[in-house]
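Trainee: Generate coordinates for the entire structure from the input sequences, incorporating the hints supplied.
Line order of the protein sequences matches chains A and B.
For the first sequence, counting from 1, position 143 maps to 143 in our numbering; every step adds exactly one.
For the second sequence, counting from 1, position 131 maps to 131 in our numbering; every step adds exactly one.
If you're looking for bench data, these hints aren't it; they were derived computationally from the structure.
Cβ coordinates follow ideal geometry from the N, Cα and C atoms, glycine included.
One or more of the hints may lead you astray.
[To be verified] Some chain A residues close to chain B (C-beta under 8 Å, calculated; not the full set): (1) Phe-17; (2) Pro-19; (3) Glu-20; (4) Leu-153; (5) Gly-154; (6) Val-157; (7) Val-158; (8) Ser-162; (9) Val-182; (10) Thr-185; (11) Val-270; (12) Gln-285; (13) Glu-323.
[What the hints assert, rightly or not] In the DMTMM-like style, the derived pairs of lysine to aspartate or glutamate whose C-alpha atoms are separated by at most 25 Å in a straight line are: (14) A:Lys-137 <-> B:Glu-168; (15) A:Lys-137 <-> B:Glu-74; (16) A:Lys-137 <-> A:Glu-156; (17) A:Lys-137 <-> A:Asp-315; (18) A:Lys-137 <-> A:Glu-381; (19) A:Lys-137 <-> A:Glu-357.
[As the list claims (entries may be wrong)] Which bits of chain B does chain A cover? Going by a derived footprint, with three or more residues having C-beta under 8 Å, they are: (20) 153-163; (21) 261-270.
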Amino acid sequence: MGDPDPTGRFGDFGGRFVPESLVPACAELEVAFREAWADETFRARYRDLLSRYAGRPTPLTPCPRLSEMLGVELWLKREDLTHTGSHKINNVIGQALLAERMGKRRLVAETGAGQHGVATATAAARFGMECLVFMGKLDMARQELNVFRMRLLGAEVVPVTSGSATLKDAVNEAMRHWVATVADTHYCLGSVMGPHPYPWMVREFQRVVGDEAAAQCREELGRDPDVVIACVGGGSNAAGTFAGFVDGPARLVGVEPAGGAAIGRGLPGVVHGMRSKILQDEEGQVLEATSISAGLDYPGVGPEHAHLAAIGRADYVAVTDDEVVAAVRLLARTEGILAALEPAHALAWLARAAGQEVPRGATVVLTLSGRGDKDVAQLMERGE
Amino acid sequence: MSTAGVAVGESRRLEPALRRQRALGRKLLVPYVTGGMLTDWTTVLAALATAGADAIEVGIPFSDPIMDGPVIQEASDRALAAGTTPQLVLAALRHAGGEIGVPLAVMTYYNLVDRAGLDRFAADLAASGVGGAILPDLPLDESAPWRRAAAAAGVDQVLLAAPTTGEERLAAICSAASGFLYAVGLMGVTGERADLATSSLDVATRASRYTDLPVLVGVGISTPDQARRVCAVADGVVVGSALVRRLLEGGGPEAAAALVSEFREALDAG
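Mentor: This is the structure we're talking about:
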């Protein structure tokens with residue numbers, strides 16, 4: 001996946017649609033990231049933190065029992081095994097390092113399921129920075145455990161009650177807060193969305209997932225897999241995963257929640273600083289997404305995914321909440337791995353497509369973006 | 001088009017009206033009201049004009065207003081809950097038409113414009129008697145397509161300048177804007193502030209070096225005294241949250257007009 005053009009666009013999508021107050025901050029961030037990413041010292045510190053702090057590289061785990069059941073050869077990229085339990089830590093370590101380099105002393109973040117909030121709170125503690133996390137009030141109730149974890153790590157968690165009280169509104173509040181605090185605060189955006197340079201920068205900080213997985217495939221299989229699957233809300237784990245395979249022959253599949261399928265059912269539009277595909281009504285009012293997974297409950301999607309869909313390089317499909325819950329159970333019982341609800345979307349599609357759209361015997365790499373401990377209470381409530 | 005139509009079209013224009021008022025030595029007062037926030041909101045507009053507004057900014061409510069603080073968010077939420085759409089706001093303005101008596105500018109977010117189609121939206125504004133548009137999430141760099149469409153329809157494109165805007169960029173914004181230059185008084189979203197931010201004086205002073213357009217300060221201008229003080233360097237003010245809060249509290253057109261009169265008196269007293 002290439003770099004965006006000078007206006008921050010991937011094809012027709014991307015850009016920088018923010019209030020004038022934030023334009024200089026976004027421009028400053030773009031310059032700082034460009035310089036840091038070309039600086040071997042910065043990269044070495046990033047790699048060192050990923051390995052000795054976050055626990056990389058993560059394994060590529062074969063799944064013998066589930067593979068036999070589905071009739072495919074499934075390998076899981078185990079982001080659930082990182083420190084803090086999801087791929088979010090990769091991005092946050094990169095951004096915290098960058099914030100430090102830019103002389104910022106506060107991190108502000110939005111969070112849906114709480115994984116990005118926990119990762120940001122973790123990095124803030126590690127770097128000695130203040131941390132403020134905006135979280136929808138509804139999500140705080142769904143993900144009580146992560147709220148407690150963030151507070152334990154020293155972060156302040158601010159409930160967001162505006163709009164649908166979920167991830168999209170948490171992004172609004174984080175941006176409003178950033179407008180007022182930009183002098184000393186870095187907005188640590190959690191996905192490949194928002195104004196340029198975020199979609200590009202976050203994908204670069206997440207590409208370690210795909211680069212590692214591709215190298216592991218060459219070692220284990222001697223070639224690229226046939227199919228690569230990842231879940232998509234904003235789309236950061238999918239962007240990072242696809243980055244390792246986009247130049248090869250593998251089919252790339254992003255799996256959205258049926259109630260938040262921005263690529264599947266959205267229209268082109270502009271929200272949260274970017275032009276992308278957005279769930280909206282005919283007048284342009286943004287609709288509320290509805291998903292069992294707080295982490296994917298987002299009416300937009302990263303602009304590079306909208307672009308990959310438009311040029312046909314990646315396919316985007318959707319699964320229902322019921323399929324997702326069944327997939328959590330399936331992986332737990334066949335492989336002894338408790339997936340988070342988010343990557344269970346990817347598993348749910350594979351369970352449906354195996355032997356059909358995904359041919360028998362196909363080799364599949366699926367990014368298990370996070371672990372399911374945070375979802376146990378919610379599943380218990382559903383009576384699973 | 002009839003001559004009467006031309007006349008109405010001319011009186012709709014924003015920039016000439018503001019320049020005319022400024023030339024009379026008057027400081028410009030532009031109050032803001034969210035379209036659809038009350039059932040009788042167009043009555044409020046007429047009352048504000050009578051009370052001394054030089055133009056009125058009408059908000060078209062959007063689901064995700066990232067430049068707005070709690071007061072205007074609440075007005076937007078109420079308007080949306082009441083079923084307000086961009087087309088209903090514009091239809092109401094078209095209907096109220098000549099009765100308001102001062103030029104109108106709409107304030108909204110770019111997705112509503114983009115969804116309607118730039119040319120269609122610009123034409124709808126013109127047909128509804130609107131003279132300008134303020135799109136806070138459409139910065140200079142992304143604004144060229146909209147500025148073309150707006151210019152073709154005879155709609156002024158107000159652009160925003162912020163305290164963090166550098167000199168070169170400020171000059172570019174000033175030369176691309178029409179109607180007036182909206183100088184954002186402080187780093188933050190719309191809302192009332194106890195004190196006048198010194199950044200509001202700075203941004204207005206800097207902007208005036210680059211443009212002959214009227215320079216109006218908005219965001220954080222909450223009291224007549226703050227308005228008077230900032231107008232030592234600015235050509236005028238936009239007053240939003242302070243007014244909208246009174247309307248949300250049930251003040252009605254009279255209370256809104258009373259507040260605008262207070263601002264008018266303070267500005268006229270200098």
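Trainee: Now tell me, hint by hint, if it's right for this structure.
Mentor: Now the hints, each set against the structure:
1. Phe-17: At about 5 Å, which falls below the 8 Å cut-off, the nearest Cβ of chain B leaves the hint on Phe-17 (chain A) intact, so it holds.
2. Pro-19: Result: holds, 5 Å to nearest chain B Cβ.
3. Glu-20: Nearest chain B Cβ about 4 Å off; hint holds.
4. Leu-153: violated, 27 Å
5. Gly-154: At about 26 Å, which exceeds the 8 Å cut-off, the nearest Cβ of chain B leaves the hint on Gly-154 (chain A) violated.
6. Val-157: violated, 19 Å
7. Val-158: violated, 13 Å
8. Ser-162: Holds - the Cβ of Ser-162 (chain A) comes within 8 Å of chain B, reaching about 6 Å at its closest.
9. Val-182: Val-182 (chain A) check passes; min Cβ-Cβ to chain B is 6 Å, inside 8 Å.
10. Thr-185: Violated, about 11 Å.
11. Val-270: This hint holds: Val-270 (chain A) lies near chain B, its Cβ roughly 5 Å from the closest one there, short of 8 Å.
12. Gln-285: holds, 4 Å
13. Glu-323: Since chain B brings no Cβ nearer than about 29 Å to Glu-323 (chain A), farther than 8 Å, the hint is violated.
14. A:Lys-137 <-> B:Glu-168: violated, 42 Å
15. A:Lys-137 <-> B:Glu-74: holds, 17 Å
16. A:Lys-137 <-> A:Glu-156: Within the cut-off at roughly 14 Å; holds.
17. A:Lys-137 <-> A:Asp-315: Violated: Lys-137 (chain A) and Asp-315 (chain A) sit about 33 Å apart, past 25 Å.
18. A:Lys-137 <-> A:Glu-381: It holds: about 18 Å lies between the C-alpha atoms, which stays within 25 Å.
19. A:Lys-137 <-> A:Glu-357: violated, 39 Å
20. 153-163: It holds: at least three residues are needed, and the region 153-163 of chain B offers 5 whose Cβ sits within less than 8 Å of chain A.
21. 261-270: violated (count 0)
Going down the numbered hints, you'll see the structure goes against 4, 5, 6, 7, 10, 13, 14, 17, 19 and 21, while the others check out.
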